[in-house]
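Novice: These protein sequence lines map, in sequence, to chains A and B.
When the letters of the first sequence are read in order and numbered with numbering that gives the first Met the number 0, they come out as residues 0 to 393.
When the letters of the second sequence are read in order and numbered with numbering that gives the first Met the number 0, they come out as residues 0 to 393.
Just so you know, these hints were derived from the structure itself, not from any lab.
Quick caveat, the model's predicted, so the values are computed rather than measured.
All the given hints hold, so there is nothing to weed out.
Chain copies aren't distinguished; within one or between two, either way the pair holds.
Simulated crosslink set (DSSO-like; lysine-lysine; CA at most 27 angstroms straight-line):
#, residue 1, residue 2
1, LYS315, LYS369
2, LYS107, LYS279
3, LYS107, LYS3
4, LYS279, LYS368
5, LYS315, LYS163
6, LYS231, LYS364
7, LYS368, LYS3
8, LYS263, LYS107
9, LYS364, LYS315
10, LYS44, LYS263
11, LYS279, LYS3
12, LYS44, LYS107
13, LYS279, LYS369
Given next are the chains, with one letter for each unit.
There are 2 protein chains.
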Amino acid sequence: MSIKDKVAIIGVGSTKFGENFEMTYQDMALEAVYEAYADAGLETKDMDAAWIGTLSPGLTGLEGDAGASLAEPLNFYPRPVTRVSAYCCSGMEAVRNAAFGVASGEYKMVLAVGVEKMREVPPRGSLVARHIHETHPVISKGRTAPGIFAPIATRYFHQYGYGKETLAKVAVKNHYNGSLNPKAHFRSTITEDTVLKAPMVVDPLGLFDCCPTTDGAAAAILTTPEIARELKKDYILIKGMGLAVTYGYFSMAFQEDNDFLGFKSTREAAAMAYRQAGIKDPRKEIHVAEVHDCFTITELVNYEDLGFCGRGEGGKLIADGITALNGELPVNTSGGLKSCGHPVGATGVRMVADVVNQLRGRSGKRQVKKAAIGLTHTLGGPGSIACVFVLGRP
Amino acid sequence: MSIKDKVAIIGVGSTKFGENFEMTYQDMALEAVYEAYADAGLETKDMDAAWIGTLSPGLTGLEGDAGASLAEPLNFYPRPVTRVSAYCCSGMEAVRNAAFGVASGEYKMVLAVGVEKMREVPPRGSLVARHIHETHPVISKGRTAPGIFAPIATRYFHQYGYGKETLAKVAVKNHYNGSLNPKAHFRSTITEDTVLKAPMVVDPLGLFDCCPTTDGAAAAILTTPEIARELKKDYILIKGMGLAVTYGYFSMAFQEDNDFLGFKSTREAAAMAYRQAGIKDPRKEIHVAEVHDCFTITELVNYEDLGFCGRGEGGKLIADGITALNGELPVNTSGGLKSCGHPVGATGVRMVADVVNQLRGRSGKRQVKKAAIGLTHTLGGPGSIACVFVLGRP
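One chain only, chain A, in its complex shape:
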C-alpha cells in the first residue's frame, strides 16, 4: 500500500515571479490560490484544509510562521492550516503533506501553497542585516550559497574535463525558456558570451550561473481521483513521492560515499519516487522535468543524480540539446530557478503547477509534445534534503 494513484491535482496557480513590491505576502498567497480556484472551478468554501510552505518568516514580519498567514487573506477560518518548512524543499513538503491529508481519508479537498517574499530586504548596515551576518551560523562564516555550490563545479570540471562553457549552456537554455514564460522573473534571452563575460560571484560561478532572489507564490488543489472524475476535471495523479534527508554540505567532506559531484539526497529521493511510480529508466520514461537549478552546475549534477544520464554525462546531455525545450527530455521549461526565479517556499509548488500544466497540454509556447509523465525536484539545506515527485496522466 502506498500513496501512488491515491491523490489527484485538479487546479494550480501562481503569481508572477519577480520583484513584487506592490504585493504583500498575503496578497501573493491570495493571488496564487485564486488562480488555482479559477483553474478548478472551486472556491474557499469547497476546501477542507490547507498546507503552507515558507522558509523564512523572519523576512516579512513573521508572515508564514503559521497557518494564519493563509487563513486571513482567504477567510479560511476555522479550517486547519499547517505550516511546513524544509529549506528549498518547503514548497514540495507542503504538497507532500497535503497529499497525506487526502490519502488518509481525513480531507476530501485541500490546498497546498508556497509563498516567499524576498526582495524587501533590510538595507546593509541595518540592525537586521548586522544580526544576520554576525550571528547566522552559516552566513557569518562566509558560506553563502554560491560559495557552497562553486566547489562542486570546480570538482566537476576537474573530474570530467568540462569548463564554464558547459555551465553557460544551462543558463542560455533556461533563459530562453523563461523568455516564453509570462510569469518568469527574467524574460530576456542571453548568449553563452553573456554568461562567460558576466561578473564573477564565486569562481567558477558568474552572475548568470546563479538564480536570482525573487518574490512569488504558487498553489495547488489536491483531492481524490474519484472526486476529480465526478467533477469532470482534467486531473493529474501523484505517481510517486520521495523525500530524503542526508548529511549536508558541511559534513560532505567526511562522508566516504561523497565525491562532491552530486547530492546523495537527490539520489535517495529519486530512488523512493521511482520505486513507487514504477519508473525503471527515467531517461525514457520521464517526458518533462522541473529540477532545482539554483546554480547552473546544480542542474548538471541533478541530471546525473536523477538518472537522466550516467555519471559525468550531464555536460553532454545539455550540449546535445536533450534537455532543451524541443529535446527528448525537456528540463525546466518554466525557465527554472535560474530565469523563472526562486522564491524559496513557492518554488516546489510552482514546479508542480508547471508540470501539471505540461501534462494537461496547457503550457502554450512552452508546451512539450506527448508529455504523460513528469518530474519535479528540489534540493535544500544545503544538500541535506531533497524531494522528488513523479506526476502522471490518469
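Go by the hints and put chain B onto chain A.
Specialist: Relative to the frame of chain A, chain B by itself:
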C-alpha cells in the same frame, strides 16, 4: 471516512523538562526518541519517516529548521523527516501530520517529535536581543505573552465575579501534580498564599500565574492498529483530531463573536475532534486531559471552551476540585505548562505522551482511575490556532 481508529500510538518518551544546559537540541531529541524506542521495543531501523515540531530554530543556531536536526542524531538517513511549526501547537502538529502519514498508507511506522531549547538565551543588550526587541513585530510593541493573556483575566473577573484567588487554585493544583512528576520543571508544591504574594508580571497575573521558559523534548511512535496488535503492544488509538485557525489576539477586538472570555480556535478545534470521536458530553466522556495552561487564566477559559463546564463555570470547576488529580475530570496531571514547563515545540508531544501513559495505566503516583478516553489541547499564535486530540483505549 476519517482518521478515527486508523492510527495507534505504541511508544512515547520525553526528556526531563527544565534547564537542560548540559544537553544540546540534538541530545534532547535523541533522549526523547530513545525512551520511546525502549517503550515500544523498537529501533531507528524500524522507522519509515518522522515529523519534528519546533517553533524557534533561531534560538539554537537553526536547529529544528528542517529535518536534519533529527536525522543527524538518530542516523535516520536517508528517510524523510518533515518539519512543522505552528506556534504553541507545533508539537501536536507533528503528531497530526505523522498520523496522516500512517493513515495514508504511505508509511507503516513513524516518529513524531517535539523539541525546544529555550534557556540558552542571549544576554540582554546583545545584538540578538536588540534585534528581537527592536524589530520583532509583536514584542517590539511591548505585547509579550503575559500582556496578551492578562486582559482575559481582567474581563473574566469583571464578567463572572471571580478574583485572583481562583487563578491561584489552578497554580496550586498544577504545582501539586508537578511535584509528583519526576520530569517536571518545577517539583515544589505551593500554597494560594505563594501565588497571591508573588511579584506582579502583568496585572492580574503574578509570577506563579505564568508558565516558565523551559528546555525539553518528547517523542511518540505511531503505526496502524493492525501492526500494533501484531506486535502485541499496549497501544492507544487516535479517536479524533481537530486543528482550527481563527483570527488571533490582535484582531479579537474587531470580531463580533469574541468577548475576551475564551478562544474561538479552541472551541472550533474541540468541535472537530469531538465530532470525529463521537463525544457528545465532554465532561462525562473525557476521563483525563492535558490542556494549554500557559497562564492560570488560560486553563480556566479552556475548561469552558472545551465544554468541561458551561460559560462562567470554569472558576467553580477548579474550586470544586473537579479537575484535581482525584477529581472527576483530572486536568494537567503532568503539572501542565505551569509546573511541568513549556518547551514550545515539545509541549504537544509531551501531552500526548502523558495522556497515552494515563490511558495505559502507567502514570505512577499521578495515575487516574479508570481512564479510557483522554484529551490533549494546545493554543497558540496568540489565540489564532488551537489543536485538540481525543485519544482512547482500543
